[in-house]
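**Q** Sequence:
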Amino acid sequence: MGRSPCCEKAHTNKGAWTKEEDDRLIAYIRAHGEGCWRSLPKAAGLLRCGKSCRLRWINYLRPDLKRGNFSEEEDELIIKFHSLLGNKWSLIAGRLPGRTDNEIKNYWNTHIRRKLLSRGIDPTTHRPISEPAQETTTISFVAANTTKEEEEEHKITAGISNTEENIPDLNLELRISPPCQQPQTEPLKTGGRIGSVCFACSENQCSCVINGSSSSNGGYDFLRLKAGVSDYRSLEMK
DNA sequence: AAAACGTCCAACCGCGCAACC
DNA sequence: CGGTTGCGCGGTTGGACGTTT
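full-length UniProt numbering puts the first residue of the first sequence at 1, with every later residue one more than the last.
If you are wondering where the hints come from, they were derived from the structure by calculation, not from laboratory data. Mixed in with the good hints there might be a few duds.
As the list claims (entries may be wrong) - 25 Å max Cα-Cα, derived DSS-like pairs, lysine-lysine:
1) K19 / K42
2) K105 / K51
3) K88 / K42
4) K66 / K80
5) K88 / K105
6) K66 / K42
7) K42 / K14
8) K66 / K115
9) K115 / K80
10) K51 / K80
11) K80 / K42
12) K66 / K51
Said to hold, decoys possible - Label pairs and their calculated CB-CB ranges:
13) K115 / K88: 18 to 28 Å
14) R38 / R67: 22 to 32 Å
15) K80 / Y60: 24 to 34 Å
16) T124 / L65: 22 to 32 Å
17) T124 / G33: 35 to 45 Å
Even glycine gets a Cβ: it sits at the ideal position worked out from N, Cα and C.
Working from the sequences, and respecting the hints, build out all of it.
**A** This is the structure:
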């Protein structure tokens with residue numbers, strides 16, 4: 001079983017990229033733009049697999065990358081986002097301009113994990129380590145007849161925390177919709193009070209978001225991220 | 001001085017998903 | 001509608017570099 005390899009391994013370079021390879025890749029993408037990674041290596045005259053080119057470009061060569069140390073502010077943002085999103089590095093990276101998923105993942109594993117542990121916080125659950133393992137409850141808003149797709153959507157909609165591995169569930173309402181012209185009258189999905197927890201304040205009865213003007217378009221000011229979340233793609237795409 | 005150990009991070013690997021045929 | 005292809009993601013690895021013994 002399995003699939004065919006993504007490229008002809010026998011004739012591709014592996015390991016660290018040389019300056020010349022970098023230059024070729026940059027020149028090619030400048031001239032032709034990103035896309036069709038599979039055919040790019042050949043077209044650019046690189047003996048690399050397309051995936052390798054993509055990775056190199058996204059994680060290292062892209063001109064909009066912010067290299068250098070993470071600020072304290074970025075640290076805290078990453079921690080917040082991780083507590084909500086779990087190991088969704090690409091989503092987290094989407095909220096940190098100039099940072100890549102790989103960079104954040106590495107930084108998390110090398111610095112932030114340790115930082116949280118030193119604060120007595122479990123980096124996986126974001127709960128105090130001394131706290132006894134709690135029975136976590138997954139609140140499901142998925143109707144019995146929901147499709148798999150809908151179920152997936154709900155996974156990022158509600159819940160408290162997850163599961164066997166104590167990975168925090170995604171309790172986000174991510175919507176793809178044009179700006180709503182009318183006040184929302186319908187209860188949020190499936191009648192559950194999904195909209196009752198404020199992610200910005202972590203309070204149930206917070207009024208800053210849910211009841212405020214920001215909810216008029218049917219979305220949350222998730223961690224004060226309103227601007228970015230109005231378009232789901234902008235949250236997901238780097 | 002050098003061996004052992006620890007840290008960091010670029011790159012690779014395998015898988016899931018969606019688009020395409 | 002099922003198989004194939006390509007992309008993107010998260011997890012893992014390996015080697016360079018720094019620190020300690």
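**Q** With reference to the structure, classify each hint as holding or not holding.
**A** Hint check:
1. K19 / K42: 18 Å, holds
2. K105 / K51: 18 Å, holds
3. K88 / K42: 32 Å, violated
4. K66 / K80: Cα-Cα ~20 Å, so holds.
5. K88 / K105: With Cα atoms ~9 Å apart, K88 and K105 stay inside 25 Å; holds.
6. K66 / K42: This hinted pair is violated, its Cα atoms lying about 29 Å apart.
7. K42 / K14: With Cα atoms ~15 Å apart, K42 and K14 stay inside 25 Å; holds.
8. K66 / K115: 22 Å, holds
9. K115 / K80: 13 Å, holds
10. K51 / K80: It is violated: about 30 Å lies between the C-alpha atoms, which goes past 25 Å.
11. K80 / K42: 42 Å, violated
12. K66 / K51: 22 Å, holds
13. K115 / K88: 18 to 28 Å: 20 Å, holds
14. R38 / R67: 22 to 32 Å: 28 Å, holds
15. K80 / Y60: 24 to 34 Å: Hint holds: Cβ distance 26 Å, inside 24 to 34 Å.
16. T124 / L65: 22 to 32 Å: At 28 Å between Cβs, range holds.
17. T124 / G33: 35 to 45 Å: 39 Å, holds
When the structure is compared with the earlier hints, violations turn up for hints 3, 6, 10, 11 and for no others.
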